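S.K.: Spelled out from the first residue to the last, the chains are:
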Amino acid sequence: MMAQPATPATLKPQLMTDPVLQKRPENRVWKKFRSHRSAMLGGLLVGLFVLMAVFAPILPIPDPTATDWGAVRQAPSAAHWLGTDEIGRDVLSRLVWGAQASLLAGVISVGIAVAFGVPLGILAGYFGGWTDGIISRCTEALLAVPFLILAIALAAFLGPSLTNAMIAIGLSATPVFVRLTRGQVISVKAEDFVEGAHAIGLSTPKILSRYIFPNILPPVLVQATLTIATAIIAEASLSFLGLGQQPPAPSWGSMLNTAKNFLSQAPWMAMWPGIAIFLVVLGFNLLGDGLRDALDPREH
Amino acid sequence: MTFRKTTLLAALLSATALSAQAADFRFALESDPDILDPDQSRTFVGRIVYTALCDKLVDITPELEIVPQLATEWSWNDEGTALTMTLREGVTFHDGTPFDAEAVAANIERSQTMEESRRKSEIASITGTEVLGPHQIRIDLAQPDATLLAQLADRAGMMVSPTAAAEAGADFGLAPVCSGPYKFEERVAQDKIVLSKFAEYWNAGEFHFDTVTYLPIPDSTVRLANLQSGDVDAINRLAATDVAQVRNDPSLKVEEAVSLGYQGITFNIDNGERGDNPWGNDARLRKALELAIDRNAINQVVFEGTAPAGNQAFPPNSPWYDASLPVPERDVEAARALLAEAGYENGIDLEVQAPNTPVNLQLMQVIQSMAAEAGINISITSKEFATMLSDQTAGDFTASQVGWSGRVDPDGNIHQFMTTDAGLNDAKYSNEEVDRLLDEARVTTDMAARKESYDAAAKILNEDKPIIYLYHETWIWALDDAIEGFVPYPDGMFRLAGVTKSE
Amino acid sequence: MLSFVARRIVIAIPTVILISIFVFGLQKLLPGDPILAMAGEDRDPETIAFLREKYRMNDPVWVQYATWIKGVVTGDLGISLRTNQPVTELIAQKLPVTIQLALMALVFALVIGIPAGILSAVKKGTITDYIANVVALSGLSIPNFWLGIMLILLVAVKWQALPASGYVPPGEDLWLSLKTMLMPAFVLGTALAATLMRHTRSAMLGVLKSDYVRTARAKGLAERRVILKHAFRNALTPIVTLTALLFGELIAGAVLTEQIFTIPGFGKLVVDAVFNRDYAVVQGIVLVTAMGFIVMNILADAAYFVLNPRLRKQ
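Residue numbers (this note's numbering), protein chains in the order written: chain C, 5 to 304; chain E, 659 to 1161; chain R, 55 to 368.
These are computed hints drawn from the structure, not numbers from a lab.
From a predicted model like this one, the values you see are computed outputs, not experimental measurements.
The beta-carbon is built from N, C-alpha and C at its ideal position, and this holds for glycine as well.
Fair warning: there could be bad hints in the mix.
What the hints assert, rightly or not - With beta-carbon atoms standing in for the labels, derived distance ranges:
| # | chain 1 | residue 1 | chain 2 | residue 2 | range |
| --- | --- | --- | --- | --- | --- |
| 1 | E | 934 | C | 269 | 42 to 48 Å |
| 2 | R | 62 | C | 131 | 18 to 24 Å |
| 3 | C | 131 | R | 71 | 20 to 26 Å |
Stated by the list, open to error - Mimicking SDA-like on lysine to any residue, the simulated pairs with C-alpha atoms at most 20 Å apart in a straight line are:
| # | chain 1 | residue 1 | chain 2 | residue 2 |
| --- | --- | --- | --- | --- |
| 4 | R | 108 | E | 700 |
| 5 | R | 212 | E | 887 |
| 6 | R | 212 | E | 909 |
| 7 | E | 850 | R | 228 |
Just need the whole structure built from these sequences, with the hints factored in.
M.R.: Structure follows, in structure tokens:
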């Protein structure tokens, strides 16, 4: 839909100066995105935490698992900017390293959901019939089970660990992507250019890759970004219940789980991870919103 | 004028007396009890409810002496194979059935023969009973059993109404009928258990509340918050880290008692395939780990000093503790030396499974940190309690951080763990001498002789170390300042006799 | 319309069957022997063997499934392994609690979300819109268990204004019941208020651009009337159907809220049952929830059908 027609050599100089013709669709999207202030804010937040996670090993912070009996539950001070936790570990350090766990949890869970959900959705939407029937019924069955309960049951089955929590969340989020992709494929399939492609005898894989796939990508991307936000909260929830990242490795959710026992003595233990989760989830939500607005052809 | 004043005063006084009488006692538990049937019950918190609901044949004092409750006198025959008990007169069950020797016989039979009964192994030594009179009964044993009275001071000795039990069978727990100071009113699972005063109780004067409500509130912070906001009158299991805060609050108070149980690390000595591992095969490694651990630091860091260090099945303040084996100090050098001797001078790995609850995980992380200094790399596998228990029984573990809530009789803390093929011996530890000593200790009522046997066993166990005992929990209660008369017991029970709430 | 609903019900049947198989299969996958889990500290092998027989754990899987299904069809969902209480009784006790929580949360969500959404749509592009959007997203982004704990500490402990936890049935004491449920409902409602606000906003935006609104404005009607009487009424359709679906989400979101505030509802029941390996309870609840969700879906579709005459032509 956004393909540029080939420009004959004679028209090129004119194109360079004509303000209307010069604006390529990609630029329009970027410009809209850029002017959407909240989306930029979102991108900034996400970027900050991604940098935090990536550069954690080389930052000048103490070992997140280094214990210190003498410095148990100390308030923020010069030595420990965000205070220490229940066995003397530096909260700031655990916060920074915890970013890895939370972001990984978000991205990989959604990765799983997309990897399973999108192909299934394409199959169901494109081929219809029995394929659609079976896939749709299974999807509805899974959707009918409340998300968190499904995640809890799966995590309990797999055993408490970050990896298993990611798998549990990913599998629980798959039906949403199946349904979304299927709906998109059905509406794109009905478009003229797809019918046209059929008419000229293009093979199915070619149709899928050239026409269907690029057109379902935008809403999937938006949904993926928003689902990362949900996945991060889900991981925190599972860790809060004891089913996610296990100690001593830091994760914001498990930090909150421990912190809730020391709310009055050491409120900083609960504050920072809570704020961190809030900011990174807000970031992804703003980002997803911005993407949706930018990629939505209807809104001007 | 004066006449009116006095009548007014009298009216006011009686009104306040009445309002004091209409008191409801609300107690927050750390989890929801399971089936309210003494023969089927398995939870610790269930026993707390029973202190108000179901009377037992005998009870204990805080010093662990056996005292009368439903049985007023008892005596053993010379061989120790027959226990004759005189029962209290004038006692009825909540449904009016009279309490007598027949009822006791029926109860013992139920505990032994009902298929769902969990009490069978506790009173396995009883071969039969004989009703000698309306309030006299003789209990016959196959061989002497020093633990019997202690068992009768717990669920095995709780008397349920035979009429109700016969009618309800295994569903007795849905509407239990006992003979305790309070009778069952209603229960909403995971919400509350409500009991109301039983007017015909034989000691009704000692119990000052009209209703008692037990509320399960698993989160310790929320439980405390309920106490602070006045929604409950007392809470069970105050977190050690909240003690300071409660002590500083003038409207609340803290009560403590060292528990009868222990917490430790159990090793897989010979349970299944995984039993054949360096940790299970070589006691030196286990000793090395013990030497690397600073129990006192653990007590301070994790428990704010409320969990005394321990190295035996009994707490150091217990009469059964072998004083000649004191709690060892931390000695990292010695630990390293032992490791080197065993062939691991470059360190060794150890996988410990632990329940995924905050305190246990905190404990294991501290130990992990300590052990690392001696070259032992501990990896913590946290599992839900249900899975952990399963895996432990099946032998699917190398080491397991697990504890025991403790029993009044010392046998209850050690026999089923250390004797060959015993019910709770997941380590599958087996030592003939230990078997002999522990079996010997349970058939004599001579305290001195029993102590000798336990001491001898303790020395062997200290060498073999199938379990590294770490600490003994303290039961910590937090109460509203208005609650008076509470006596802390080492069995962790909240007994309501003599407890009042001043307005 | 009837044929529409009937068709949807027929399509739903294989889904329900699939759910039942999945839910039943889940318990077989969960590690940890439930009987052993119940055993706690005392483990008498004889009793355990007997209990296994009693609960038919030794039967082949498909026999257990068939027994369960037979029970379900006759209204018997089995009994809780933990307390021997029938599952149907447990559900009957707990469901009203969660429904009360969900309804109160929904009220919060509607009262906060819809006006915010309308405002935001009307003032699109201005600073009001921007702020409202960020606030709404913040509501979505706060982990509700964290918010709950913070509120308990502040409101119940520091200010002593509301009870810290627990539940009071409305029949017993209506005012106290509402007070006890206030914090949890607020915590649960905030996330939903955000979603509702955004959907209201986009629905309103779509409608405000439409022809009939332009006509109303052209007719010279007061702006307020245009917005509330014409635009909002038509935006109501997607909002109503969304509310019906959100209700299902509320029940699910109640899980953590109920844990923190110790509310003896559905969510807490199922989480505790998973941890205790109390299979009958987990199966019963998930099945009932799933079926409820499907019913809500069908109702939402029917409502949409009724509200939007254009669909009827299809």
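S.K.: If a hint holds in the structure, say so; if it does not, say that too.
M.R.: Hints, one by one, checked against the model:
Checked against the given bound of 42 to 48 Å, the beta carbons of residue 934 of chain E and residue 269 of chain C, roughly 45 Å apart, stay inside it. Between residue 62 of chain R and residue 131 of chain C the CB atoms are about 23 Å apart, so this pair conforms to the stated range of 18 to 24 Å. Range check, residue 131 of chain C to residue 71 of chain R: about 23 Å between beta-carbon atoms, so the 20 to 26 Å window is met. Proximity of residue 108 of chain R to residue 700 of chain E is assessed by CA-CA distance (about 18 Å); at most 20 Å being required, the pair is judged to hold.
With a C-alpha separation of about 9 Å, the suggested pairing of residue 212 of chain R with residue 887 of chain E holds against the 20 Å cut-off. For the suggested pair residue 212 of chain R and residue 909 of chain E, the alpha carbons sit about 14 Å apart, so the restraint of at most 20 Å is met. In summary, the hint linking residue 850 of chain E to residue 228 of chain R is supported, as the alpha carbons are separated by about 19 Å, within the 20 Å threshold.
Of the numbered hints given earlier, the model fails none.
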